[in-house]
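**Student:** Given chain A, put chains B and C in place with the hints provided.
Residue numbers (this note's numbering), protein chains in the order written: chain A, 1 to 292; chain B, 1 to 292; chain C, 1 to 292.
There are no misleading hints in this set.
As the list makes no split between identical chains, a pair holds if one copy fits it or if it spans any two.
Pairs of lysine to any residue residues, derived as SDA-like cross-links and limited to a Cα-Cα distance of at most 25 Å, are as follows:
id, residue 1, residue 2
1, 2, 104
2, 271, 292
3, 289, 26
4, 271, 79
5, 266, 108
6, 289, 62
7, 35, 64
8, 240, 270
9, 289, 28
10, 171, 21
11, 271, 239
12, 13, 24
Simulated from the structure, these hints should not be mistaken for laboratory data.
Quick caveat, the model's predicted, so the values are computed rather than measured.
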Amino acid sequence: MKHLLNMNDLEIKDIDTILNRALEFQQNPSHQFNKQFTVVNLFFEPSTRTKMSFEMAERKLGLHILPFEAGTSSTLKGETMYDTVRTLEAIGVDAVVIRHEQDQFYEELMSGLNLAIINAGDGSGQHPSQCLLDLYTIKQEFGKFEGIHVTIVGDIAHSRVAKSNALALKKLGAHVTFICPPEWQGDFDATSTWEEVLPTADVVMLLRVQHERHGKENDFLKELYHKEYGLTIARYAELKPSTIVMHPAPVNRDVEIASELVESDKSRIFKQIQNGVFVRMAILESVLKERM
Amino acid sequence: MKHLLNMNDLEIKDIDTILNRALEFQQNPSHQFNKQFTVVNLFFEPSTRTKMSFEMAERKLGLHILPFEAGTSSTLKGETMYDTVRTLEAIGVDAVVIRHEQDQFYEELMSGLNLAIINAGDGSGQHPSQCLLDLYTIKQEFGKFEGIHVTIVGDIAHSRVAKSNALALKKLGAHVTFICPPEWQGDFDATSTWEEVLPTADVVMLLRVQHERHGKENDFLKELYHKEYGLTIARYAELKPSTIVMHPAPVNRDVEIASELVESDKSRIFKQIQNGVFVRMAILESVLKERM
Amino acid sequence: MKHLLNMNDLEIKDIDTILNRALEFQQNPSHQFNKQFTVVNLFFEPSTRTKMSFEMAERKLGLHILPFEAGTSSTLKGETMYDTVRTLEAIGVDAVVIRHEQDQFYEELMSGLNLAIINAGDGSGQHPSQCLLDLYTIKQEFGKFEGIHVTIVGDIAHSRVAKSNALALKKLGAHVTFICPPEWQGDFDATSTWEEVLPTADVVMLLRVQHERHGKENDFLKELYHKEYGLTIARYAELKPSTIVMHPAPVNRDVEIASELVESDKSRIFKQIQNGVFVRMAILESVLKERM
Numbered sequence: 001m002k003h004l005l006n007m008n009d010l011e012i013k014d015i016d017t018i019l020n021r022a023l024e025f026q027q028n029p030s031h032q033f034n035k036q037f038t039v040v041n042l043f044f045e046p047s048t049r050t051k052m053s054f055e056m057a058e059r060k061l062g063l064h065i066l067p068f069e070a071g072t073s074s075t076l077k078g079e080t081m082y083d084t085v086r087t088l089e090a091i092g093v094d095a096v097v098i099r100h101e102q103d104q105f106y107e108e109l110m111s112g113l114n115l116a117i118i119n120a121g122d123g124s125g126q127h128p129s130q131c132l133l134d135l136y137t138i139k140q141e142f143g144k145f146e147g148i149h150v151t152i153v154g155d156i157a158h159s160r161v162a163k164s165n166a167l168a169l170k171k172l173g174a175h176v177t178f179i180c181p182p183e184w185q186g187d188f189d190a191t192s193t194w195e196e197v198l199p200t201a202d203v204v205m206l207l208r209v210q211h212e213r214h215g216k217e218n219d220f221l222k223e224l225y226h227k228e229y230g231l232t233i234a235r236y237a238e239l240k241p242s243t244i245v246m247h248p249a250p251v252n253r254d255v256e257i258a259s260e261l262v263e264s265d266k267s268r269i270f271k272q273i274q275n276g277v278f279v280r281m282a283i284l285e286s287v288l289k290e291r292m
Numbered sequence: 001m002k003h004l005l006n007m008n009d010l011e012i013k014d015i016d017t018i019l020n021r022a023l024e025f026q027q028n029p030s031h032q033f034n035k036q037f038t039v040v041n042l043f044f045e046p047s048t049r050t051k052m053s054f055e056m057a058e059r060k061l062g063l064h065i066l067p068f069e070a071g072t073s074s075t076l077k078g079e080t081m082y083d084t085v086r087t088l089e090a091i092g093v094d095a096v097v098i099r100h101e102q103d104q105f106y107e108e109l110m111s112g113l114n115l116a117i118i119n120a121g122d123g124s125g126q127h128p129s130q131c132l133l134d135l136y137t138i139k140q141e142f143g144k145f146e147g148i149h150v151t152i153v154g155d156i157a158h159s160r161v162a163k164s165n166a167l168a169l170k171k172l173g174a175h176v177t178f179i180c181p182p183e184w185q186g187d188f189d190a191t192s193t194w195e196e197v198l199p200t201a202d203v204v205m206l207l208r209v210q211h212e213r214h215g216k217e218n219d220f221l222k223e224l225y226h227k228e229y230g231l232t233i234a235r236y237a238e239l240k241p242s243t244i245v246m247h248p249a250p251v252n253r254d255v256e257i258a259s260e261l262v263e264s265d266k267s268r269i270f271k272q273i274q275n276g277v278f279v280r281m282a283i284l285e286s287v288l289k290e291r292m
Numbered sequence: 001m002k003h004l005l006n007m008n009d010l011e012i013k014d015i016d017t018i019l020n021r022a023l024e025f026q027q028n029p030s031h032q033f034n035k036q037f038t039v040v041n042l043f044f045e046p047s048t049r050t051k052m053s054f055e056m057a058e059r060k061l062g063l064h065i066l067p068f069e070a071g072t073s074s075t076l077k078g079e080t081m082y083d084t085v086r087t088l089e090a091i092g093v094d095a096v097v098i099r100h101e102q103d104q105f106y107e108e109l110m111s112g113l114n115l116a117i118i119n120a121g122d123g124s125g126q127h128p129s130q131c132l133l134d135l136y137t138i139k140q141e142f143g144k145f146e147g148i149h150v151t152i153v154g155d156i157a158h159s160r161v162a163k164s165n166a167l168a169l170k171k172l173g174a175h176v177t178f179i180c181p182p183e184w185q186g187d188f189d190a191t192s193t194w195e196e197v198l199p200t201a202d203v204v205m206l207l208r209v210q211h212e213r214h215g216k217e218n219d220f221l222k223e224l225y226h227k228e229y230g231l232t233i234a235r236y237a238e239l240k241p242s243t244i245v246m247h248p249a250p251v252n253r254d255v256e257i258a259s260e261l262v263e264s265d266k267s268r269i270f271k272q273i274q275n276g277v278f279v280r281m282a283i284l285e286s287v288l289k290e291r292m
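Here chain A stands alone, though its shape is the one from the complex (with noise of 0.2 Å):
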């Protein structure tokens, strides 16, 4: 694929590529490129894990990274991000990956330019590395994806993770029901309660509260969350056996899930950040095998 940008755009055999991919880069993490590659990682929002995800899987595959500071940049001097991606291409880099506020940032960047985008977040739109990342550890675990229950609680409206999973998930055959606040259920339809979901769901997906997106006048009560929508002891007590629990990071202890249940055994958490490697590594590679 040329670039990455949602997951709209990829069809079921696009998917399957990239997590059979990651596979055989958890099998054999180390591969070179015949040719020397050079991308940057744009973060203009904060971030760590995605950021350092990237970072590692551009290490393992052997590509130059060149350094970017959204904080020192031109953008400061008030560059288009066209302008600054343009400047990239010209300076030789093959690939950018961009985590940007503004949603859809990508299109701006569709013409005109030679270089591979991957989109690391755009705004309330979607995540798509994260997605896939989720798939693969759910193939993971279940080794299929038809008729898996997975449940997505949180703030469905602003997610984009929500928005990336609950579409793959429904065109790969998975059964999607969701758990929200009203206010947060956005277009979204069919929301459930936890009581009809502890008894059948096989992935209990967590959203993060995004405490820093819905600012002060949101009025947010943490343990109010905690008691009406999170992952207490209690409802994990009542969990089926081979039921998983998953939640993109970085985790709010006590508000999304119990301090104690981050790392208990349903938890992927952690084994979702391991994961990501080895799916970035196989997205990188995609829009990158097109360039050689």
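**Tutor:** Just chains B and C now, with coordinates in the frame of chain A:
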């Protein structure tokens, strides 16, 4: 050469050597020294393209690069630049690339230090690596400098690009004219008008309007500047077929140049950026060769 | 050793092992592990030389280094240090070098994690890699520690260098005295005066006056400190011929030491910085060897 500080220090043969070596790097960019050299890019002012360009050149030369973040460095603890650079020398750094807001910042580094200094922009002083890549781009186009008519347009008084380029181009036999608002003329004489220049210019070299240096009291009106001093679509149409348009970037679209012209046929703006990597490889090699 | 947290944990033979290995690195700095290790330098406080020194040591050891910018990381989203480091472990990081303003920050990292922790300065606690490079510098000069008279001058109470060094030097048989303003004496006993120390000191170890820690209410007078506690030109003249002067840097010129003396014959200030790279190579190798 031991350092690259300003264009005054370079004789014509030094310039020729760098331009010729840059051409070799363009034809074959792979290169390794017998010794492992280490460099640091000390950018005390925001920059994307110059810093990225040096970073790319350094990677293509196989150098080790130690990251430096001006915002979290010991200069915050009141350390002098001499002590910072002397420290880097003790750590084992072979060359430093420095951008700093102070004119001739390098003067205090000229005694007692045994590492190479490359000036990547000193205050309102010079910007020699930009000058050399501009020269490279002109030579690439015309094969010579003698008799070439170069018009430099904009804030001549405060531009380090204007100073470096005017000096070098005259030394190399080019004919240099200026177009600028009267208040930005500085010590430069002989200003022209667009009407005089349009029929004869071989190179139209636009300077960036540095809003961040002039401040708000300048009461700068972008539309007015564009109308009086910018390369408008009407003026572009009157240029000779062989004329090229240059700009050090980042461009203020519709100020120095009409947005539609940034990637027009005559524009060499992104070509300049591309050439910058090869020229900087030649500069770095030149100062490091002295340390083999 | 598995981690390097503080000097209390190291026995004399552990110190000897590191100093001997550092000497080997000084003689032959090239080294490659059979395995590709990855490290992250987590500096939550400003630093140039310690961070740069670790970065250089890591490159000389052929390690992969993932960049971490405290200012844009997920700790801004309220993530605990445990979760940040646990995330890095999941990504595949083998060792983290941490500087943090909190004393004994590493306590919360001691269970549940499987990567090596190197303390690069904890609050007003310790700074063990600085201590080891100071020991290396003293041994380089005198070949031994027994009977060596070391005078530590400055803010003993708040200095992590003073704490680490006094502890280790006494353990190794050196004679340690202190000169300090009464309000900065802390729990240390036995303070001396310059008059007592000048005829006998083998090592004068100056501490940095940490303006940024004391704040303005301290009403610190630089000239007064220099006159009472600084190494003035007059005091320097009274030192024994074999005496050396040390300082962890960055130096406040004309406060702890007269500016003219920073690079004087007896000064080992930049030698310490140079030695730091070899000592840190030995530290990193020591913790990574356990993970082969």
